[in-house]
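Go ahead and model the full structure; you've got the sequences and the hints to work with.
Each chain, written out:
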Amino acid sequence: MDRSSTHRRPDAAGLLIALILFVITGLIWWDMTTLQISSVYGPGPKAMPIVVASGLLLLAIANAIIAFRGGLPERESLDWKPILLILGGLAALVALIAHGGGFILGTTILFAATAAAFGRRAFLTDLVIGFVLAILIFVVFAKLLALSLPMGPIENLF
Amino acid sequence: MDAFIALANGLTVALQPINLLFALIGVLLGTAVGVLPGIGPALTVALLLPITFRLDPGGSLIMFAGIYYGGMYGGSTTSILINTPGESASMVTALEGNKMAKAGRGGPALATSAIGSFVAGTIATIGLAFLAPYLVDIAIQFGPEDYFALMCVAFVTVSATFGDSPVRGLTSLFIGLVLGLVGIDLLTGQARLTFGVPELLDGVEVTTLAVGLFAIGEALYVSSRRHLHEEKLEPVRGSLWMTKADWKRSWKPWLRGAAFGFPIGALPAGGAEIPTFLSYSTEKKLTKHPEEFGHGAIEGVAGPESANNAAAAGTLVPLLTLGLPTSATAAMLLAGFQQYGLNPGPLLFAERPELVWGLIASLFIANAMLLVLNLPLVGLWVRLLAIPQPWLYAGILVFATMGTIAANPSPVEIVMLSVFGVLGFLMRRFDYPIAPVVVGLILGPIAESQLRRALSISLGDPMVLLESPISATLLTIALIALILPFVLKGMGRFKAVED
Chain A
1 MDRSSTHRRP DAAGLLIALI LFVITGLIWW DMTTLQISSV YGPGPKAMPI VVASGLLLLA
61 IANAIIAFRG GLPERESLDW KPILLILGGL AALVALIAHG GGFILGTTIL FAATAAAFGR
121 RAFLTDLVIG FVLAILIFVV FAKLLALSLP MGPIENLF
Chain B
1 MDAFIALANG LTVALQPINL LFALIGVLLG TAVGVLPGIG PALTVALLLP ITFRLDPGGS
61 LIMFAGIYYG GMYGGSTTSI LINTPGESAS MVTALEGNKM AKAGRGGPAL ATSAIGSFVA
121 GTIATIGLAF LAPYLVDIAI QFGPEDYFAL MCVAFVTVSA TFGDSPVRGL TSLFIGLVLG
181 LVGIDLLTGQ ARLTFGVPEL LDGVEVTTLA VGLFAIGEAL YVSSRRHLHE EKLEPVRGSL
241 WMTKADWKRS WKPWLRGAAF GFPIGALPAG GAEIPTFLSY STEKKLTKHP EEFGHGAIEG
301 VAGPESANNA AAAGTLVPLL TLGLPTSATA AMLLAGFQQY GLNPGPLLFA ERPELVWGLI
361 ASLFIANAML LVLNLPLVGL WVRLLAIPQP WLYAGILVFA TMGTIAANPS PVEIVMLSVF
421 GVLGFLMRRF DYPIAPVVVG LILGPIAESQ LRRALSISLG DPMVLLESPI SATLLTIALI
481 ALILPFVLKG MGRFKAVED
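For the record, the sequence lines run as chains A and B.
Residues 1 to 158 in this note's numbering are what the first sequence spells out, letter by letter.
Residues 1 to 499 in this note's numbering are what the second sequence spells out, letter by letter.
Please keep in mind that the hints were generated in silico from the structure rather than gathered at the bench.
The structure displayed is predicted, hence computed values, not measured ones.
Treat the hints with care, as some may be off.
[Stated by the list, open to error] Stretches of chain A that chain B covers, calculated by requiring three or more beta carbons in the stretch to come under 8 Å of a beta carbon on chain B: (1) 15-27; (2) 53-67; (3) 85-94; (4) 133-143.
Cβ coordinates follow ideal geometry from the N, Cα and C atoms, glycine included.
Right under this line is the structure:
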């Protein structure tokens, strides 16, 4: 921090980060109080959460001070659309796996969504590419290397 | 010399045809994945970890060593040709290397970094082989309180001492420590921070965290900034080979780079960045061509790249002898050991010498293979850079989720992966270092169990931490390393006021 930073405006995002750190500190503390059993000698299971929560509390305060002085690094403008596309692809994968849609379908959607996030416009083509890639991966890793991948209607054909 | 005999035994393990094959697969995979932009060695190892899950430990650790070294070689190719260093340690290489590539001297830049990596990597691996037995002798006398103190040193140096901002570094470390708390407490069997989710009882997987932070986080970050600037691949024009003058200007920086890299990497301080910066500024001072620095000086590639590789080999010293990972990549290697129930440290040298020494010997072999693979075949690796960015990142995400779900088949694991991805994105955006999170997750639980062991032996008397001379010294070092950056910063502020 140089001298000029004290004249900068408070950083809203930085204050939000500090707030999240405060919340996590509170969560650890609350969780620690629910522990029942302790050790006979020496520190029990509560010791480490107490240490971590205390440290995090100090760091939350330090982060808040830095944010209040506007001491965070400069940030460039941000495009939200690709982020939502990628997270949407991941959400689709989770939903499909959780409801028995299988690995191949989920991976196909994730592939196409990520490619779209990086500027591809040919969504249908990418779906086909993703589908072929997913089948290849499934055959190599689930069949040849015997890794267990989530099953679904397409996986059962193999 | 014990080290000679042990190393010779290791070589007989490493030279078995099946292990040579594993080493070859490792270096090929490592280089191929490492060359992809945005993928550093840590992510390379993390992505490939689940694939090796079903193999036998000896062979797959040798494959890992190949992946580790291969990822380093591949990473420097990317830094030089498209100026997107996959990790902070190749940033300096990108500085001069990319300028050389732009000036049509990409070939010699790649050559000097490959040969320099080979020279420095070999020197550092020899250093590792001879230093390790001594450290093992010392480490065997360590009590639990000494181990705890050692981990405190690693925590502080990795997060606070060498970063831009000690507060941000420590914040990263504590996020890692929080994640390390999740799961069942081994001594009393009680669940901590699981919030009733059964999948959390086993704790947070290191690979899920690393892949989330590095792969998903990087994809989110790069995609959100795509509108700002486009990456440009510099074609390799002209001769690939170094001229006589290039050799003359390179060999000293290689050796000096190794001399900076290995000792600093071997200290439990972590970070290959410091030696690369030291090497760069030294070469800048010693060069006969100061006017070329900033416009593509070959010394500025040869030195830092050697320092980087030597430091990477150096981090294996605390990793193998003490079980102490001091970089994100070393943390991933430790996770690789742990997936077979192996714990690096003095005991592993005693119980499974063929494994440890086979691994060390295979580092020499991997290094030699990489030199052969990289010099003539660099054109082939460069083609990987021509994969269009949308497909490249789509492919990375597919492999990242596949690896995670193969290791732990549950949708909750992908949710965690995504959460860590968002965390990685935010940390990149707000400039929090990422390696301390991984180190905190791995070392936090170990530090806790060592402390509790020490205090239950001493019947709860905390003075045991100060009564052991080793522990007292290490804790003092940790304290100094913690306070020093704040003091220096305070002095810097005084200076600024005086100006």
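Enumerated hints in conflict with the structure, sorted upward: none
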